[in-house]
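Student: Below are the chains, spelled out letter by letter.
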Amino acid sequence: MKSLTNRSKAVSNKKMSFLERIYLPAIIGGLFITLKHLFKRRATVKWPDEERPRSDVYRGRHVLKRDENGAERCTACGLCAVACPAEAITMTSMERKKGEEGLYREEKYASVYEINMLRCIFCGLCEEACPKEAIFLTKELVPTNYERENFIYGKDKLVEPVSKRVDVSKRQTLEVVSKKYNDR
Amino acid sequence: MSTLLIIKTVLILIVFGITLGIAMYSTYLERKVAAFLQDRVGPDRAGPWGILQPLADGGKMFFKEDFIPQKSEKWLFILGPGIAMFVACMTSAVIPWGGNLTLFGETFKLQVANVDIGILYILGFLSIGVYGIMIGGWASNNKYSLYGAVRASSQMISYELAMGLSILAVIMTSGSLSLGDIVESQHGGQWNVFYQPLAFLLFIVCAFAECNRAPFDLAECETELIGGYHTEYSSMKLGFYLFAEYINMFISSAIISVLFFGGYNFPFMDDLGLSENAITLIGVMVFFAKITFFIFFFMWVRWTLPRFRYDQLMHLGWKTLIPLAILNLMGTGAWLIFKDQF
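Top line first, the protein sequences correspond to chains A and B.
Under my numbering, residue 184 is the last one in the first sequence; the count climbs by one each step, no gaps.
Under my numbering, residue 342 is the last one in the second sequence; the count climbs by one each step, no gaps.
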């Protein structure tokens, strides 16, 4: 049978020679192999002192975007929740009242929007499903916590503050956007 | 006389402190060496580079619950780690740490007790060391502990034979049982390792086995015996067992250096033209450098070799090391007679 990798070796039951039987050359060889590792670069990244560099299109915790006027883009259509394979997203929709035009872009908005970060698998399908460019995954990580409840992120944590906009342009390049609209 | 008494007392205290200190930092070194050999960083949180880690570990040990099993032999259970620790500390008494030092008009040797039978003393105390493990394992009234203790003690007794026989060859060439004389006989680069390489090899293998270190650490193996003889121990009693092991490692390294690597002797020590005190102090430092190297070697081997199976261990001890040691002994004897003839 032809081997797949060309790395297979036939097993032999030949008698060991004297040098092999006293094991000392093998032991000394082994000692030098481990000694070499003393001078190798450490693989450890000392988080949180050091951070492993993450790509600009890293799929970390989510952000709910506002439009250029500072109004929330989300219309609570629920497509992200349907797309979510882990069923991590829930929301409650609400009608926009008069005088709230500066807060919400469309007539309908999400009064409650929750993502359970313990269920989320950070696949990015919510982002792909969103017709309003409202939800994006960011470079940020979800920090640890002692309570399970604290992993359910509401709008207070997800919606980007007006004063501190989150840059998602790297996940929003022309190819990505055009692919999204062509697929639809 | 009284100055000598004070000096010796001070020396005992220093040796005791150094022994404990080195054993303490061996635990740190062990973790660091293990980490470095595996491309990791190791403990680095307590103090710079983690050098306060042993203190943190010791503090942790003290604050753990000191549990004594109800069905154990209470006094023997407490005695076990005590014996292990006591024996480990006693062996440092006869090791010559350096040459002669002159202080306050009094010349004395940097050795607590230069007894004529230093090496016998060490072998004797090593044999008592088995009792600490055996009593602790038996008194726990736990099958795993007992089995671990049986393994450890049968291993130590088996390898003591080969160890004694390999030391005999060294004693024959140097003609003395006193460790001080053995070191003096290696003065000027005449290290025993060049004359007795086989004895050195046998001795170092046996030293690994006596210390219950990898690849001979069959007494404690998680999957089969949980912790071996110290399964039931907790808190500082466990700490004593582990600590005794590190002290034994330190003493073994010291004995290897004394018997085979010239102890505090170093090359060209007579050609430097320094005063005797300076030579002695450099000698002490050289001796500790040798000891540190061998402690490192113990750890290096631990993270290189897989452990033996128990039958392989006994096979190596009884069928390989002892015949080799006897052959080496006979060869050394024949050579000594031959040398005298011509």
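No lab work stands behind these hints: they were computed from the structure.
Mixed in with the good hints there might be a few duds.
List of simulated lysine to aspartate or glutamate pairs, EDC-like, C-alpha gap at most 16 Å [unchecked claim]:
1. K132(A) - E68(A)
2. K109(B) - E184(B)
3. K40(A) - D39(B)
4. K170(A) - E95(A)
5. K46(A) - D44(B)
6. K36(A) - D44(B)
7. K132(A) - D56(A)
8. K143(B) - D39(B)
9. K46(A) - D39(B)
10. K108(A) - E95(A)
11. K139(A) - E160(A)
12. K109(B) - D181(B)
From chain A, some residues computed to sit far from chain B (all C-beta separations above 12 Å) [what the hints assert, rightly or not]:
13. I27
14. G29
15. D49
16. M94
17. E149
18. D156
Some, not all, of what chain A presents toward chain B, calculated at C-beta under 10 Å [said to hold, decoys possible]:
19. K14
20. K15
21. L19
22. L24
23. G30
24. I33
25. T34
26. L35
27. F39
28. R41
29. R42
30. A43
31. T44
32. L79
33. V82
Cβ atoms here follow ideal geometry from the backbone N, Cα and C, with glycine treated the same way.
Student: Run every hint past the structure and note whether it holds.
Tutor: Here's how the hints hold up against the structure:
| no. | hint | in the structure |
| --- | --- | --- |
| 1 | K132(A) - E68(A) | holds, 13 Å |
| 2 | K109(B) - E184(B) | holds, 12 Å |
| 3 | K40(A) - D39(B) | holds, 7 Å |
| 4 | K170(A) - E95(A) | violated, 32 Å |
| 5 | K46(A) - D44(B) | holds, 10 Å |
| 6 | K36(A) - D44(B) | violated, 22 Å |
| 7 | K132(A) - D56(A) | violated, 22 Å |
| 8 | K143(B) - D39(B) | violated, 38 Å |
| 9 | K46(A) - D39(B) | holds, 13 Å |
| 10 | K108(A) - E95(A) | holds, 5 Å |
| 11 | K139(A) - E160(A) | holds, 14 Å |
| 12 | K109(B) - D181(B) | holds, 12 Å |
| 13 | I27 | violated, 7 Å |
| 14 | G29 | violated, 10 Å |
| 15 | D49 | violated, 10 Å |
| 16 | M94 | holds, 49 Å |
| 17 | E149 | holds, 30 Å |
| 18 | D156 | holds, 34 Å |
| 19 | K14 | violated, 20 Å |
| 20 | K15 | violated, 18 Å |
| 21 | L19 | violated, 15 Å |
| 22 | L24 | holds, 8 Å |
| 23 | G30 | holds, 5 Å |
| 24 | I33 | holds, 8 Å |
| 25 | T34 | holds, 5 Å |
| 26 | L35 | holds, 7 Å |
| 27 | F39 | holds, 9 Å |
| 28 | R41 | holds, 7 Å |
| 29 | R42 | holds, 5 Å |
| 30 | A43 | holds, 5 Å |
| 31 | T44 | holds, 4 Å |
| 32 | L79 | violated, 45 Å |
| 33 | V82 | violated, 45 Å |
Checked against the numbered hints listed earlier, the structure breaks hints 4, 6, 7, 8, 13, 14, 15, 19, 20, 21, 32 and 33; every other hint is satisfied.
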